[in-house]
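Let the hints inform the model, and build the full structure from the sequences given.
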Amino acid sequence: GVLRVLFLILTLIVTWLLLSKFFNVNWRNLHLKAQRWVGQDSPSCPTCMLKTSKNKCGLEKSCPPYHFAFKIRSGAANVVGPQICFEGVNVMSSVKNNIGRGLNIALINGIGTSGVLLTTDFFDMYSGNVDDLLKFMKRVSRGTLVFVASYDDVSTKLTKEAKAIFTEIGSSLVESLHFRDNWVFAGAKGIQEKSPFEQHVRNDKNTNKYDGWPEVLELGGCIPKKMD
1 GVLRVLFLIL
11 TLIVTWLLLS
21 KFFNVNWRNL
31 HLKAQRWVGQ
41 DSPSCPTCML
51 KTSKNKCGLE
61 KSCPPYHFAF
71 KIRSGAANVV
81 GPQICFEGVN
91 VMSSVKNNIG
101 RGLNIALING
111 IGTSGVLLTT
121 DFFDMYSGNV
131 DDLLKFMKRV
141 SRGTLVFVAS
151 YDDVSTKLTK
161 EAKAIFTEIG
171 SSLVESLHFR
181 DNWVFAGAKG
191 IQEKSPFEQH
201 VRNDKNTNKY
211 DGWPEVLELG
221 GCIPKKMD
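Start counting the sequence shown at 1; every next residue gets the next number (UniProt numbering).
Check each hint, because a few of them may be wrong.
Stated by the list, open to error - Cβ-Cβ distance ranges computed for the label pairs, FRET-style:
id	residue 1	residue 2	range
1	143	212	37 to 47 Å
2	15	117	50 to 60 Å
3	211	142	20 to 30 Å
4	114	139	19 to 29 Å
5	62	208	29 to 39 Å
In case anyone wonders, no lab produced these hints; they're calculated from the structure.
Every value quoted in this text rests on a predicted model; they were computed, and no experiment measured them.
Even for Gly, the Cβ is constructed at its ideal location relative to N, Cα and C.
Shown next, in the form of structure tokens:
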């Protein structure tokens, strides 16, 4: 009787170990297939989620003291909207439903340590009125951080006066924008030199990643806090 009980217990243990190994392997394979299905093994996929990170806005490294963390992503063609993250919070995105075709702009109070969001807005540079953009930008006060992400087209209605305003806040590439180019930029009102936070890619049928649109741009970094 004792031997039969021991044999039964041993059989149950072996069976449990085999089943555990089987389900673990199959679960791992299923998980990998799911990752491939949503595109997580393709870093160039514009609709994929950002890699998880403990740092604000998914930056590879944390920002030093007295710096703001940010990340800007342009739109993907005219399908996937842009995204602006500041201090770990997405201030503009499709989820928040506050983005649109053209220039997507977030204004942050860059003076002091708080980094308070002042306002966000978007301006259609294809069929909209550039005067709306001019009124918005002319109200920007000294010390304000300006984050810009393109979506679809930003150039058609962008006048010399509008370009000059972005040049004054640190842009060195706004004069080079053409139809359906992608552009991401972070500047500040009252900046004394050109901003190091800017990227631009041309709409070129020979190099476009999407049909009629260039690749997505993503720009992240740490902006010093202005203490006075």
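Status of the hints after comparison with the structure:
1. For the pair residue 143 and residue 212, the beta carbons lie near 39 Å from each other, so the given range of 37 to 47 Å is met.
2. Take residue 15 and residue 117: their Cβ atoms lie about 59 Å apart, and the range 50 to 60 Å holds.
3. The beta-carbon spacing between residue 211 and residue 142, approximately 43 Å, falls outside the hinted interval of 20 to 30 Å.
4. Taking 19 to 29 Å as the suggested C-beta distance range, the pair residue 114 and residue 139 conforms, at roughly 20 Å.
5. The hinted window of 29 to 39 Å between residue 62 and residue 208 holds, with their beta carbons roughly 35 Å apart.
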